[in-house]
Amino acid sequence: MFTDADLDAIWLTLRLATTVTVLLLLIGTPIAWWLARTRSWLKGPIGALVALPLVLPPTVLGFYLLIAMGPNGWIGQLTQEMGIGLLPFTFWGLVIASVFYSLPFVVQPIQNAMEALGERPLEVAATLRAGPWDTFFNVVLPLSKPGFITAAILGFAHTVGEFGVVLMIGGNIPQETRVVSVQIYDYVEAMEYGQAHVLAGLMVAFSFVVLLGVYGFQRRGTSVWGSR
Amino acid sequence: MSQTIASDSCIHAQFSLTRQAKGREDFVLSVAAKLPSQGVTAIFGQSGSGKTTLLRCIAGLETAPQGYLSVQGDVWQDDRRTLPTYQRPIGYVFQESSLFEHLTAQANIDFALKRSEQRPNAAEYQQIIDLMGIEHVLQRYPAQLSGGERQRVAIARALLIKPRLLLMDEPLASLDSARKQEILPYLAKLRSSLDIPILYVSHSVDEIAQLADHVLVLEQGKVVAQGDISDIFARTDLAQLSGFDMGVVWHGHLQERNEAWHLARIKAPGGSLWVRDGGDAIGAAIRTRILARDVSIALSAGEDSSILNRLPVTISQITPDKDPAMLLLRLISGRDCILARLTKRSVEQLHLYEGLQAWAQIKSVAIMR
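Residue numbers (our numbering), protein chains in the order written: chain A, 1 to 228; chain B, 1 to 369.
Don't read these hints as lab results, they were simulated from the structure.
The reader is advised that the hints may include incorrect statements.
Only part of the chain B face toward chain A is listed, based on derived beta-carbon distances under 8 Å [as the list claims (entries may be wrong)]: (1) Tyr-68; (2) Ser-98; (3) His-102.
Computed Cβ-Cβ distance ranges for the label pairs, DEER-style [stated by the list, open to error]: (4) A:Arg-120 <-> B:His-262: 46 to 56 Å; (5) B:Gln-87 <-> A:Ile-173: 48 to 58 Å; (6) A:Pro-132 <-> B:Ser-174: 25 to 35 Å; (7) B:Ala-366 <-> A:Arg-120: 30 to 40 Å; (8) B:Ser-364 <-> A:Phe-217: 54 to 64 Å; (9) B:Ala-32 <-> A:Pro-132: 22 to 32 Å; (10) A:Ala-116 <-> B:Leu-194: 32 to 42 Å; (11) B:Glu-117 <-> A:Arg-120: 21 to 31 Å; (12) A:Glu-115 <-> B:Ser-364: 47 to 57 Å; (13) B:Gln-144 <-> A:Thr-38: 30 to 40 Å; (14) A:Pro-45 <-> B:Asp-195: 49 to 59 Å; (15) B:Glu-117 <-> A:Ala-116: 30 to 40 Å.
Since we're looking at a predicted model, the values are computed, not measured.
Every residue, glycine too, gets a C-beta built ideally from N, C-alpha and C.
Can you build the whole structure from these sequences, using the hints too?
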């Protein structure tokens, strides 16, 4: 049913989405915590910046990233000096682009969960001798678990579903940047609708299952704890 | 010399706090108080009087700039530094459930024990678990506990880290009256069996009458009265405070019991009172409360009355009540005093005046353990 090229594309997509999700959880958590807690005037601008990929056409984001990562861009200069070379049309170029592209899908659920905690658990922790870091790791993170699960699922799924940014940054290199969505595009270009159907159907099924999981999880919501 | 030691074993708190509240007058807490660091000190006041804010300042959850706080000689806040909450050796019980939802009751307690410098030994641990009666709920999550159980676990969690000061912010306020009755005895036992100073914030005169040794009365952010519970509850000027159900608190002990009548006689400095026998041991310390509205005055001993408790008294003071139809009388009985709330009409008709010898007829006496 799947050709070798299809399997390569599927494997690459999963590898990309997993890498991006892990990175996003690491990067998104401090951003979400800062956004949830700060009273600085910067909260608005930073929040808007994080949310930009929600409204921007992926091609716009991809265009700017392509320039930044190019030989004369600041990321490009940096990577050249570090001896990594240039990132466009590489797997890691895709990873960086995807991190920007999927950032709001990870930051916002975590931020919402952290805001919903309120002051109280933090104050309780302080009266029980827990310092700020201790409180963050042992109270805030576990209590925000539902937000993290939603964030991870959405971040992963959104990265699997990207197309515009990949085309701008990564092009169409087998085993390096040709993800499932690009592979489908290739099939359609080549009029191979049968193969396109197989992959497109897979994507529909995957997306539906993911959303079903998210909504099912959110519905259980508060009863996550204590339901052993 | 003894003064210095006594002073050092106290809590000195000085806070002044202004807060911008939308559409409302700026809220100000302006307190300079010396509180005893033993027994139960109640911080009493109506909502908005600043009592919770004062407690939060003492815990360090709220910071009043230029405040000063020392506890038993250790400075927790002064001009130079403010100790963060997590470095203060306190226990804090919040108004509503404060258990971590992701941990079982046992894990909530372990969370506290793991971080505490002071740990109870096995016997002390068991004593507190038994005192709060939570052994059987320890493996459950907070969501599976009743409001009363949650609060008892929270109290145990605060006690088990052996705080030098236990702060309780209306620990019963979020509970219905049945649950209150469930927890009050535990708190009373706490007072008598553990030697931890407690600051207890409440707007409930009943709770304070039952638990407190010392009372600090706050109104609009300022201290309006402070003192021993018997003294504070005997003050007629506090009758003006809304929500203050006037009545004196007497400390006595059970002198004898009459099995046939099911009555017990309590001897207090103010005189003897017969109450319903609650089964306490002879000699047990008993705290009683006599509400001003339950006291009437007779000019003779009135042997023909059904009232059980009649005490010879001297009227020492007659003051206006907040109700224009009523007067508040302060009566000296033995070495204690009683407050009586009478209509102006009765005072007029009986020709009562300050200095008159009369009989106080006490309709009911509340027992507090």
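Cross-check of the supplied hints:
no., hint, verdict
1, Tyr-68, "violated (21 Å)"
2, Ser-98, "holds (5 Å)"
3, His-102, "holds (5 Å)"
4, A:Arg-120 <-> B:His-262: 46 to 56 Å, "holds (47 Å)"
5, B:Gln-87 <-> A:Ile-173: 48 to 58 Å, "holds (57 Å)"
6, A:Pro-132 <-> B:Ser-174: 25 to 35 Å, "holds (28 Å)"
7, B:Ala-366 <-> A:Arg-120: 30 to 40 Å, "holds (35 Å)"
8, B:Ser-364 <-> A:Phe-217: 54 to 64 Å, "holds (58 Å)"
9, B:Ala-32 <-> A:Pro-132: 22 to 32 Å, "holds (31 Å)"
10, A:Ala-116 <-> B:Leu-194: 32 to 42 Å, "holds (36 Å)"
11, B:Glu-117 <-> A:Arg-120: 21 to 31 Å, "holds (24 Å)"
12, A:Glu-115 <-> B:Ser-364: 47 to 57 Å, "holds (52 Å)"
13, B:Gln-144 <-> A:Thr-38: 30 to 40 Å, "holds (35 Å)"
14, A:Pro-45 <-> B:Asp-195: 49 to 59 Å, "holds (55 Å)"
15, B:Glu-117 <-> A:Ala-116: 30 to 40 Å, "holds (33 Å)"
Of the hints listed earlier, the one the structure fails to meet is number 1.
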